[in-house]
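2 protein chains.
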Amino acid sequence: MTVLQNDRFLKALRREQVDRTPVWIMRQAGRYLPEYRATRAQAGGIIDLFRNPKLACEVTLQPLDRFELDAAILFSDILTVPDAMGLGLYFETGEGPRFKNPVLDRKAVDALPVLDPDKDLDYVMAAVTEIKSALNGRVPLIGFSGSPWTLVTYMVEGGSSKDFARVKTMAYAEPETMHALLTKVSDAVAAYLLAQVRAGAQALQIFDTWGGSLSHAAYREFSLAYMKEIVAKIKAEAPDIPVILFTKGGGLWIEDIVNSSCDCVGLDWTADIGRVRRLTGGRVALQGNMDPAILRAPPARIREEVSSILDSYGPGPGHVFNLGHGITPDINPEHVEALIRALHDLSPAYHQ
Amino acid sequence: MTVLQNDRFLKALRREQVDRTPVWIMRQAGRYLPEYRATRAQAGGIIDLFRNPKLACEVTLQPLDRFELDAAILFSDILTVPDAMGLGLYFETGEGPRFKNPVLDRKAVDALPVLDPDKDLDYVMAAVTEIKSALNGRVPLIGFSGSPWTLVTYMVEGGSSKDFARVKTMAYAEPETMHALLTKVSDAVAAYLLAQVRAGAQALQIFDTWGGSLSHAAYREFSLAYMKEIVAKIKAEAPDIPVILFTKGGGLWIEDIVNSSCDCVGLDWTADIGRVRRLTGGRVALQGNMDPAILRAPPARIREEVSSILDSYGPGPGHVFNLGHGITPDINPEHVEALIRALHDLSPAYHQ
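Taken in sequence, the protein lines are chains A and B. Mind the numbering: the first sequence is residues 1 to 352 in our numbering, read in order. Mind the numbering: the second sequence is residues 1 to 352 in our numbering, read in order.
This is chain A alone, in the form it adopts within the complex (with noise of 0.2 Å):
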């Protein structure tokens, strides 16, 4: 086992003291540096990107060699589970990720395979294994999943959605048709997310990035219910590892997301956070919550927003710094450097 240097964002996720706020980014692997173009240039196309260990690991180091980041996340796609189930994932210029055989019906549903992921998803484990080896606690790694919600939109969509038609028409519908499909997809999320644990992953997020688009009961029916019996399943079988729940949108539902037993919830820039702490009283740890776009923001303005978000989580352990959702292409990586000095510079007297 080598030791792990940094160990800031995993005492942060349980909520012990820290000397400042760690920070990760969501997509701190991506357009956005140019060092990554070039890999992903080098790969081919995107998919030639994830399902390659080396590169993989490649671009998870990239951000972690430029900027003092906390954690590593796994370089990979959401959309690798419903995938490895037969869905034929491709790619559209300009048009985001596609599935070949969308889920259209019961049918369909049952015909859904059964995942080992540590077979069908081989490649993600061996990109797991490579990157632990290449960080060699230099920091903690992240694992993560789509939420079972989320990759379902993509599978009876066929692909990104603007009003969740398709998706939304057989949750209302066919409720049972559904459930099916749901407990089809939590199993393979649950295995997958143990199956990262098994191959290093210290952390794990769970990415619920359209659970925002539910009426507040349909989200506790069709997204939060899974989301709970994955991390019932990860506390048994791998109690130390802490879980971050994130639900872009998912502001309003906050007390009962708390009530799934995970050990952090990820806000996205509508929420105020220290409204979030007050509300949940110090039951979990907090993760967000700058909106992305202050990063075309001048530096000054960037440092005046971390400041406003580090007084509004307030003194004291459980934050841990990061964007509200994913950073964008045309963001300046010397943006990103001007948040993680403020960051640097203003939070230690928050650990006093």
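Check the hints yourself; a few may be wrong.
Copies of one chain are not kept apart here, so a pair can be met inside one copy or by any two copies together.
To be verified - Pairs of lysine-lysine, DSBU-like flavour, derived with a Cα cap of 35 Å:
{"hint": "1", "residue 1": "K54", "residue 2": "K107"}
{"hint": "2", "residue 1": "K100", "residue 2": "K162"}
{"hint": "3", "residue 1": "K100", "residue 2": "K11"}
{"hint": "4", "residue 1": "K233", "residue 2": "K119"}
{"hint": "5", "residue 1": "K11", "residue 2": "K107"}
These are computed hints drawn from the structure, not numbers from a lab. On a predicted model such as this, the values are computed, not experimentally measured, just so you know.
Using the hints, position chain B against chain A.
What follows is chain B alone, placed relative to chain A:
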């Protein structure tokens, strides 16, 4: 003066006793109705439709002839104000609204004219007069405008946007320019709404469709502050006209919105209307909040959802039933009939 034959909607906005929960539907005059599609085809394009007072009146009344709705809403576009300011509104097939002359810098902001809505938007005032006369007291007429922030997103982006990159950059990097722009647009919106009242509108709704894209602090600074000013101006000149503020994605900010002196808060479907009622303690009426996607489900499921929303709001006055956002073009009008039938059957029990 014609006598108003159905005042349920206005009474509910004032939180007065009614016999059943009033209902109207955002975009009730819209593409899901074959008669609307026929009139629109006759007009030519969407611009020709809302610029023609006779046809705008015709489509405004169409849903009332089909369904027992408790209010009519002026058929118009939310972008009439920036169009009248010289931005050159046009519609690209499948792309939505676009502006020929987006507002990209301070110079463009300073060049924006001050509007005289009675002159510069005379076709809207003519439509209000025409509709009011055709209604002949059947139900009250709602006037509306986009919120300043929502209009400004289109004015700066030049059309619809996924991530609001340009408009947020202006807000975060050049806040003085943004405030100058919002001030001009707010003044125009207040004048526009007051002109609609003079022409006959009996209630007003401000559609803040994109306020939910902002952080909590930025929402207060760039959206809510200007809606508050508009409400104050309306209350000063037309104190009896109820004002509804609808911020899509604004569920986390209800307490701030209530402090705007509006009469009613419109909710999207992510909020639990009963919880919002307890939070606001009867200081405002609440409008909403069924997920429009439920209308794709069979009538029995629609009835269940109506029942659950009525039950969540609970007994007593102050509820205007609506969807949480506009009805989509693919909805079967019979399903709207099912919604209204369910509301007529179930809601009287909540008003005894």
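Each hint, compared with the structure:
1. K54 <-> K107: Answer is neither; intra-copy 38 Å and inter-copy 51 Å both fail.
2. K100 <-> K162: both (19 Å within a copy, 25 Å between copies)
3. K100 <-> K11: neither (42 Å within a copy, 53 Å between copies)
4. K233 <-> K119: Answer is within; shortest intra-copy Cα gap is 20 Å, inter-copy 66 Å.
5. K11 <-> K107: neither (46 Å within a copy, 50 Å between copies)
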